[in-house]
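As a plain string of letters, each chain reads:
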Amino acid sequence: MTTLNTRSFLSSDVLSKVDTKAATDNSLVDIAAAAKNRADWERIIDRCIIEWGKNPPGSDEDDFEPPARAIIDLARDIVRYCRDRGLVAPQRVVPDGTGGIAFEFTEGDSFTTLQIYEDRSAELLLFKDCHLVERYLL
Amino acid sequence: MADGREPIEDDEVLYRRIPTPAYYDPSVSPLPSPEAFHPRRNDLTGLSVYRAKYKTPKQVAATGRDRSFYVAELRAGDLREHGIEVVPAPLPDDPGHAELPGLTYAERRFLQKHEVLLAHKLCRILGPYGPKEL
Numbered sequence: 001m002t003t004l005n006t007r008s009f010l011s012s013d014v015l016s017k018v019d020t021k022a023a024t025d026n027s028l029v030d031i032a033a034a035a036k037n038r039a040d041w042e043r044i045i046d047r048c049i050i051e052w053g054k055n056p057p058g059s060d061e062d063d064f065e066p067p068a069r070a071i072i073d074l075a076r077d078i079v080r081y082c083r084d085r086g087l088v089a090p091q092r093v094v095p096d097g098t099g100g101i102a103f104e105f106t107e108g109d110s111f112t113t114l115q116i117y118e119d120r121s122a123e124l125l126l127f128k129d130c131h132l133v134e135r136y137l138l
Numbered sequence: 001m002a003d004g005r006e007p008i009e010d011d012e013v014l015y016r017r018i019p020t021p022a023y024y025d026p027s028v029s030p031l032p033s034p035e036a037f038h039p040r041r042n043d044l045t046g047l048s049v050y051r052a053k054y055k056t057p058k059q060v061a062a063t064g065r066d067r068s069f070y071v072a073e074l075r076a077g078d079l080r081e082h083g084i085e086v087v088p089a090p091l092p093d094d095p096g097h098a099e100l101p102g103l104t105y106a107e108r109r110f111l112q113k114h115e116v117l118l119a120h121k122l123c124r125i126l127g128p129y130g131p132k133e134l
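Line order of the protein sequences matches chains F and D.
First residue of the first sequence: 1, per the numbering used here; consecutive thereafter.
First residue of the second sequence: 1, per the numbering used here; consecutive thereafter.
The reader is advised that the hints may include incorrect statements.
[Stated by the list, open to error] Part of the chain F face toward chain D, derived, beta carbon under 8 Å:
1) Ala102
2) Cys130
3) Leu132
4) Glu134
[To be verified] Pairs of lysine-lysine residues, derived as DSS-like cross-links and limited to a Cα-Cα distance of at most 25 Å, are as follows:
5) D:Lys121 to D:Lys53
6) D:Lys55 to D:Lys121
7) D:Lys58 to D:Lys121
8) F:Lys128 to D:Lys113
9) D:Lys121 to F:Lys128
[Stated by the list, open to error] Quick list of the computed label-pair ranges, beta carbon to beta carbon:
10) D:Pro92 to F:Asp40: 43 to 51 Å
11) F:Tyr136 to D:Thr56: 23 to 31 Å
12) D:Arg124 to F:Asp40: 44 to 52 Å
13) F:Asn55 to D:Pro26: 23 to 31 Å
14) D:Phe110 to F:Asn55: 43 to 51 Å
15) F:Glu61 to D:Asp11: 26 to 34 Å
16) F:Glu123 to D:Pro92: 34 to 42 Å
17) D:Asp94 to F:Arg69: 30 to 38 Å
18) F:Glu123 to D:Gly102: 14 to 22 Å
19) D:Arg124 to F:Leu126: 24 to 32 Å
Just so you know, these hints were derived from the structure itself, not from any lab.
Note that beta-carbon positions come from the ideal geometry of N, C-alpha and C, so glycine has one too.
With the rest of the complex left out, here is chain F:
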């Protein structure tokens, strides 16, 4: 989000006269960003977690393996954890076709994927310009 820091346009004299206890521009931006992040996570809960709990995601492919209930439950717990900490939501949440779920985050040339595998293990992988730079077993 782009904002103007209006305080930088004010001289110190004027600034001292207009200074208030009201929220600063930055704190308002933080609040707005947190609200957006929370709404994004809520959408993921509604569109993926709850929906997949009722109807596991499918595909026309014969060898597509949808995530089992235990994997969807684990994904729900992770989503709630991230939502409650105000983290940025992923761009995409998709079944991996082999019983797992992938959360995908993209920002510029950085790509991060949180993989939940079919055996309930999980990994976080960070890529920069398509090169794997960090990998964490969670």
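Given chain F, put chain D in place with the hints provided.
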């Protein structure tokens, strides 16, 4: 006449159907999900692709299906430059079938860097194509 066993030239174009709509949505991102290149249970000897000299992208998209699909276009030489081999794997009814033998179901947890390369750097998305367009 070629029967699909001839080597794949570096300038050959290959197609892979984006298997699930969730893996590519241009309103979400211009790039497909790397999961579109994640080997599945049947990819025991490699990830399936199709040679453009035998099939059009529309044929790859619509084979046996009744809805629209996107297709990823790849070039054999680009794959090889990044360490991803591609070999002919003709089937009795499909001489254009080929495989990426390094991307197998058994190795699926160690292929993310290849999947990200394929999705984010080496492919161009075509389509969508539906069965009515054949």
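Let me make sure I understand: some of the numbered hints might not hold for this structure. Which ones are they, in numerical order?
4, 11, 12 and 14
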